[in-house]
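*Asks:* Sequence:
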Amino acid sequence: MEPQSGIRTWQWVVTVIVIIALIIVGVMVFRGNDNETPLIPTDENPVTIDNNTAVNRIVMSDQYPGNVVYISSVQVAVDSWVAIHADSAGLPGKVIGSLSFKAGINPGKITLTQPMTDGSTYYAVIYNDIAGASFDVTKNTPVKDSKGQTVMKIFKASSSVGVDFKG
Numbered sequence: 585m586e587p588q589s590g591i592r593t594w595q596w597v598v599t600v601i602v603i604i605a606l607i608i609v610g611v612m613v614f615r616g617n618d619n620e621t622p623l624i625p626t627d628e629n630p631v632t633i634d635n636n637t638a639v640n641r642i643v644m645s646d647q648y649p650g651n652v653v654y655i656s657s658v659q660v661a662v663d664s665w666v667a668i669h670a671d672s673a674g675l676p677g678k679v680i681g682s683l684s685f686k687a688g689i690n691p692g693k694i695t696l697t698q699p700m701t702d703g704s705t706y707y708a709v710i711y712n713d714i715a716g717a718s719f720d721v722t723k724n725t726p727v728k729d730s731k732g733q734t735v736m737k738i739f740k741a742s743s744s745v746g747v748d749f750k751g
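All residue numbers for the sequence shown refer to the working numbering, where the first residue is 585 and numbers rise by one.
If you're looking for bench data, these hints aren't it; they were derived computationally from the structure.
Mixed in with the good hints, there may be bad ones.
For each label pair, taking beta carbons as the anchor points, the in silico distance ranges come out as [stated by the list, open to error]: (1) Gly732 to Asn690: 45 to 53 Å; (2) Thr722 to Gly688: 21 to 29 Å; (3) Ile603 to Arg641: 41 to 49 Å; (4) Asn690 to Val598: 48 to 56 Å; (5) Asp663 to Leu606: 39 to 47 Å; (6) Tyr654 to Val602: 50 to 58 Å; (7) Gly650 to Val609: 56 to 64 Å; (8) Thr725 to Ser656: 23 to 31 Å; (9) Ser730 to Gln698: 32 to 40 Å.
Calculated pairs, SDA-like style, for lysine to any residue (alpha carbon to alpha carbon, straight line, at most 20 Å) [stated by the list, open to error]: (10) Lys686 to Asn640; (11) Lys740 to Tyr648; (12) Lys737 to Phe719.
What you are looking at is a predicted structure, and each value in this text was computed from that prediction instead of being measured.
For glycine and all other residues, C-beta sits at the position ideal for the given N, C-alpha and C.
Model the full assembly from the supplied sequences, consistent with the hints where possible.
*Replies:* As structure tokens, this is what we get:
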């Protein structure tokens, strides 16, 4: 009987040492660096967002022809607009619909002023919200990514998008 209790004592000692070591490692890993900038804005570290370098994107698929464009999500750093353009010789042309999006990640449904036609190409473009309460293509400017390219999603109107279409 004596050897078994000695083994059990030894197992308990090793288990306690392993648990203490795991706690110490966990504290060191999750404590982080005390010299890091706090995530909460203060007067010493104000938050400024440059919409031209922040992550801005549109997630959507091809659309069923009609008067509505469904956007799965729009990610914008600041309040912005998404405008739907008809194709003009391979470039965004006439604006046929727009919708304002709050900063963050949001889904959307844009009603168009003219229906999309089957097989045609369209462009969803993110614009800065500088014109006020309504979208104005002459005042709002397209948002650029870090490479200086306009943030947009090219899509087609197709009657074959299928039953699983979600926008």
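*Asks:* Indicate, hint by hint, whether the structure satisfies it.
*Replies:* Here's how the hints hold up against the structure:
At about 25 Å, the beta-carbon gap between glycine 732 and asparagine 690 misses the expected band of 45 to 53 Å. Checked against the hint of 21 to 29 Å, the C-beta distance between threonine 722 and glycine 688 comes to roughly 27 Å, which is consistent with it. A beta carbon spacing of about 45 Å between isoleucine 603 and arginine 641 agrees with the range 41 to 49 Å that was offered as a hint. Hint check: asparagine 690 to valine 598, Cβ distance near 53 Å, so the stated range 48 to 56 Å holds.
Evaluation of the 39 to 47 Å hint for aspartate 663 and leucine 606 yields a pass: the beta carbon distance comes to about 46 Å. Roughly 53 Å separates the CB atoms of tyrosine 654 and valine 602, a value that falls within the hinted 50 to 58 Å. Remark: the range hint 56 to 64 Å for glycine 650 to valine 609 is upheld by a beta-carbon distance near 57 Å. Distance hint for threonine 725 and serine 656: a CB-CB separation of about 24 Å, consistent with the stated range 23 to 31 Å.
Distance hint for serine 730 and glutamine 698: a CB-CB separation of about 34 Å, consistent with the stated range 32 to 40 Å. Of the pairs offered as hints, the one joining lysine 686 and asparagine 640 holds, with about 12 Å between alpha carbons and a cut-off of 20 Å not exceeded. Restraint check for lysine 740 and tyrosine 648: satisfied, since their Cα atoms lie roughly 8 Å apart, inside the 20 Å limit. At roughly 19 Å between alpha-carbon atoms, lysine 737 and phenylalanine 719 fall within 20 Å of each other, so this suggested pair holds.
Taken one by one, the earlier hints fail for this structure only at number 1.
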